[in-house]
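The hints should help you fit chain B onto chain A, whose structure is shown.
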Amino acid sequence: MEAFTCLMVMSESAESYSQAPEPSADAELVRRTLAGERQAFDQLIVRHQRQAMAVSLRLLGNWQDASDVLQDAFCKGFKSLASLQKPEAFGGWLMRIVSNLSLNYRRGRKLRLVGSLDEDLEQTGQEPAANESAGPMRVLLSRELGKRLTEALKQLPEKQRLAIVLFTIENQPQKQVAQTLDCSVEAVKWHVFQARKKLKELLKDCL
Amino acid sequence: MIDETQEFLLSQALDGQLSDAQIRVLDEQLRSDEQLALEAGQYEKLDDFLHGVTPLPQKGWDDLAAVISHRIDLQTSQRAASAQRWRWAGGLAIAAAVVLSIGGALWFSHAPGPAGEQSPSVAISTQPPGQPAPAGALASRGGAVVIVGGTDTPAVAAGLQVQVFASVTSHVGGPISVQIGPSEPRENTTQIDVAELLVQSTRVMIAGGAAENWDATRLPF
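Chains A and B are the protein sequences, given in the same order. What the first sequence shows, in my numbering, is residues 1 to 207, in sequence order. What the second sequence shows, in my numbering, is residues 208 to 428, in sequence order.
It is worth saying that the hints were derived from the structure and are not from the lab. Each hint should be verified, as a subset may be incorrect.
As the list claims (entries may be wrong) - Some chain B residues near chain A, calculated using beta-carbon distances under 7 Å:
#  : residue
1  : 215
2  : 218
3  : 249
4  : 252
5  : 257
6  : 272
7  : 275
8  : 276
9  : 279
10 : 294
Said to hold, decoys possible - Per label pair, the in silico range of CB-to-CB distance:
#  : chain 1 : residue 1 : chain 2 : residue 2 : range
11 : A       : 155       : B       : 209       : 19 to 27 Å
12 : A       : 38        : B       : 307       : 55 to 63 Å
13 : A       : 107       : B       : 273       : 27 to 35 Å
Glycine is no exception: its CB is placed at the ideal position from the N, C-alpha and C atoms.
This is chain A alone, in the form it adopts within the complex (with noise of 0.2 Å):
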């Protein structure tokens, strides 16, 4: 019971990190970009920016590769918002060309040899957001796990990284990953479960 109590604790503490920009919003954003206030793009990438970074640091494992593909990503978007159905749905459309192109970046293998996670890290004075007070196993989020999981994600079938990455990391709704990944709900969830397993065994003796 215990064990299922922490479980659930888990999923509460997932609700909390979303930081998804409200879509009523975006889509007034969008229409205005459209009737060609520029301004209100900028407005856009600010509020999305973040999360973009996130998703693609993830993928890549690297801070200046993910910044370039963050760069080529809005700039693909504001060309071709006009193609983009649904303007409530930016976020979900703009994680797709994010994810789209930090994929293609990375079998472009233009990833940079030097420079993991944790040395950007490093470089941007940032540490993982370990919280002594939440128990022993934030010890987990040092910086030689920082690396190791790094890594291991770099070890997952590209779909099942993002589903995890999308999912569970960025707390992005099943749905929106799902219209990312161009598959159903249900297949986001066994990525994810997957993912899960795989990264389980990759971190076995860390976990």
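The following block gives chain B in isolation, referenced to the frame of chain A:
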């Protein structure tokens, strides 16, 4: 040994996807199955780990947004400039096409015909239309005037000749029917048309437009 269904349920539990009934069942299983409880603990730690890693910096976002915005502006202006260049290029291409078309038309209208079909020089004959006179024959007053091809005029040497076979079938005061080439009859309503055509191609002058007024002295041969 934990089967995949139970593991999937654990994963679903982490995501808060199970119903109350499923939760009760899983809770029972966790209490009775140590292995499952161990697995659940590992999944729990893994999820905690995944949620806990937050590498994004708290500052620098304004700069990044500015960089992205600037790049969009840059690309937009580049696209506009590129579109402008293409418009210019398109205009130039159209102009070039027009010039080439005109030049080509002029060239083909002056170019010698295929070997064996050439009738590059001009003569004016009194032969009836459709019955060309020998090269060098001249027009006379009255009757139809037939301009036929020949082989030995300066215009031919200069490469200015076209295959000309024109016959003027009526005189001043009425419309003139002109045939140009052996199988391309045309109807012209003025004599000037004939004159211009012939001046261009053969340098033959037709003064006044009537057959009677052919200025044979100005013929190049």
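Here's how the hints hold up against the structure:
{"no.": "1", "hint": "215", "result": "5 Å, holds"}
{"no.": "2", "hint": "218", "result": "4 Å, holds"}
{"no.": "3", "hint": "249", "result": "4 Å, holds"}
{"no.": "4", "hint": "252", "result": "5 Å, holds"}
{"no.": "5", "hint": "257", "result": "5 Å, holds"}
{"no.": "6", "hint": "272", "result": "5 Å, holds"}
{"no.": "7", "hint": "275", "result": "5 Å, holds"}
{"no.": "8", "hint": "276", "result": "5 Å, holds"}
{"no.": "9", "hint": "279", "result": "5 Å, holds"}
{"no.": "10", "hint": "294", "result": "19 Å, violated"}
{"no.": "11", "hint": "A:155 with B:209: 19 to 27 Å", "result": "22 Å, holds"}
{"no.": "12", "hint": "A:38 with B:307: 55 to 63 Å", "result": "42 Å, violated"}
{"no.": "13", "hint": "A:107 with B:273: 27 to 35 Å", "result": "30 Å, holds"}
Going through the hint list in order, the structure does not satisfy hints 10, 12.
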